[in-house]
Amino acid sequence: MSFNRLSRFVLLAAFALSGPTIAYAQDDAATAAEPAAAEAAPATTDAPAAPAKKKHHKKEKAKAAPVAEMAAAEEKPAAAAAPAEEKAAAEPKPAEPAAAEAAPAAAAPAAEAPAAAAPAAAPKCGDKGFDCNKGDVAWMMTSTAFVLLMTVPGLALFYAGMVRSKNALSTTMQSFAIFCVIAVLWVIFGYGAAFTAHGDFLGALPWQEGSKGWFLSADDPTTAPAATFSKGQYLPDFVYCMFQLTFAAITVALITGGLAERMKFSAVMIFSVLWFCFSYLPIAHMVWYWDGPDAYLKGDAKAAEVAASHAGFLFQKGAIDFAGGTVVHINAGIAALMCALVLGPRKGLGKIHFAPHSLMMTAIGTGMLWMGWFGFNAGSALEANGGAGLAFFNTLFGTAVAGCAWAGTEWLLKGKPSLLGICSGIVAGLVAITPAAGFVGPVGAFVICAVAGVVCLLAATKLKAMLGYDDALDAFGVHCIGGIIGALGTGIYVNPALGGTGVYDYTAEAVGAFDAHAQFVAQLWAVATSLAWSGTVALVILLALKFTIGIRASDEAQEEGLDLSEHGEKAYNH
Amino acid sequence: MKLISAIIKPFKLDEVREALSEIGVAGITVTEVKGFGRQKGHTELYRGAEYVVDFLPKVKIEVAVDDSKLDGAIEAITKAAHTGKIGDGKVFVFTLTQAIRIRTGETGKDAL
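Read top to bottom, the protein sequences are chains A and B.
Numbered by the working numbering, the letters in the first sequence go through residues 1 to 574 in order.
Numbered by the working numbering, the letters in the second sequence go through residues 1 to 112 in order.
Calculated from the structure, these hints are not laboratory results.
Cβ coordinates follow ideal geometry from the N, Cα and C atoms, glycine included.
Treat the hints with care, since some could be wrong.
[As the list claims (entries may be wrong)] In silico lysine-lysine, DSS-like type, Cα no more than 25 Å apart, as pairs:
hint: 1; chain 1: A; residue 1: K414; chain 2: B; residue 2: K40
hint: 2; chain 1: B; residue 1: K34; chain 2: A; residue 2: K570
hint: 3; chain 1: B; residue 1: K40; chain 2: A; residue 2: K416
hint: 4; chain 1: B; residue 1: K60; chain 2: B; residue 2: K85
hint: 5; chain 1: B; residue 1: K79; chain 2: B; residue 2: K34
hint: 6; chain 1: A; residue 1: K166; chain 2: B; residue 2: K34
hint: 7; chain 1: A; residue 1: K351; chain 2: B; residue 2: K34
hint: 8; chain 1: B; residue 1: K69; chain 2: B; residue 2: K79
hint: 9; chain 1: A; residue 1: K347; chain 2: A; residue 2: K570
hint: 10; chain 1: A; residue 1: K462; chain 2: A; residue 2: K414
hint: 11; chain 1: A; residue 1: K351; chain 2: B; residue 2: K40
[Claimed, not checked] Computed far set for chain B versus chain A, every beta-carbon distance over 12 Å:
hint: 12; residue: V30
hint: 13; residue: G37
hint: 14; residue: G84
hint: 15; residue: I86
Start from the sequences and build out the full structure, keeping to the hints where you can.
Here is the structure:
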């Protein structure tokens, strides 16, 4: 099914013969000036603030640091500015590390001087003449809390309602425990590994140059900045770190849908940690890491080249993913399929009834997921602006379309539309619109989500029945397939001619000319890379665990229920 | 003394209880059970996974009666629980060898 879809998309997209290079979201250089050496931050300055100009290309991860690499010349004023600034600024703390870092920065010319040198030259929240936009920061913190709600307890309830009552607590526990563990690892080293410049496939680990250090030690807790999609606009890095934390955690939690009701808890946790390290971190880096808009200057192709060379592998390919169709959904979905295949089916599948024990719980979880997803998608704009508004719009509209599509199709095919169906349709829509949220217009959202509603229904029912894998909670059928549809659909409907926003060129300071063929190919790269990388990593980890500690809960444990066997608890005591 | 054990459709419980009290049978024990005889179950569909549920919810009532009230009780139950459709249930009669009222120690007929 999905393959037919894919080939049709390819045919539709294959019309351009020669394509100009895909315009990366090049920040338009405000050129701004340097408000004078006394001012901090060479690169940015002038906040373009121009709302119309901001097009996010990808999630930008990085800090504003890269600026320092742009011009060695700028480093000297920066170094000079930093100490001067220190005296003027009210923040004594950041001054020291900044000054220390500024010295080596000034000494070493551009080349590869990622993270470490950068903070010295980059603006800091609270700097004179520059401050994080309070609306943006408020929105990002709100979004972060919303995305937390998506996992704790949105996804937990969504999944728990669909399993048998004797496994309800274990399903919930998996989501909660994964969230907590990933959150801790994220702060210790994960954030830095994903969102700093180092290589094409991964950022800097804590002991490597340019890293954020163990426990974010290289970041000043209140003033270190993170770039947005607008020149000169920053967020506190600690806020951005938390926002991204919730994404990492929910991605890993999603995988539990494929392993539900039969995996040992210890194996779940070890798998989660390893997969997070070897799959989530690299893929997040590959898709989303870039130096930020301030690394690009108007008309400066050389600067753009330098900046592009620091970006993640798939970012360099031109792939766009607004909020995580590839990084979160395809990534998790294919890993879930690997779990389902290596674990084998639940004991008694096909013989005894595995009906959901509480679809009311699933419905509540669905509501929380939908609400929380506004933070997931609209928060990915990193600012409280029109781009966020578009993502918000699509998250509401597209999701509703998918709910109708799934329920309507189910009504036609099965004769009765079910609550589980509409909940699944809603989630499929949310998944599909995720990579597209800030890029497509209403027509694009409609098409992508309608297709996802129908195709995911068929994947979760017919495909699963045909191929016989026990993807218990349809993490593959909904998240992987939905993510693929969304990622490819984004490549098509970001086209301004089809109502999309186009892809912003920060060097030209305008929306770039759209090359449909090239963009679609870039999307294919992202989809294929995520599938191959994540699937392989998951498979290797699973096999390694299977032949060492064992991953499958014993037949007795499955009979008794994982709540009792793994956690010593019963969900219901009546 | 006899123990009547009757399996009936759950929504008929109130009618049966009233019918029994009309003939003077005051005590009754009710259990929720599931089972099937000739009545077929139903099919549930969850995301394409079909579940055929054979067992149907029923209610079992147990009443201990004196021999003199046996026929009356049986008739009361069967009439009240009857709908004419498959699945109405069955009545079983066991011989009861002893009955004791715990509070007073009465035995036999006086305990019923």
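Tell me the numbers of any earlier hints that the structure contravenes, in ascending order. Violated hints: none at all, because every hint is consistent with the structure.
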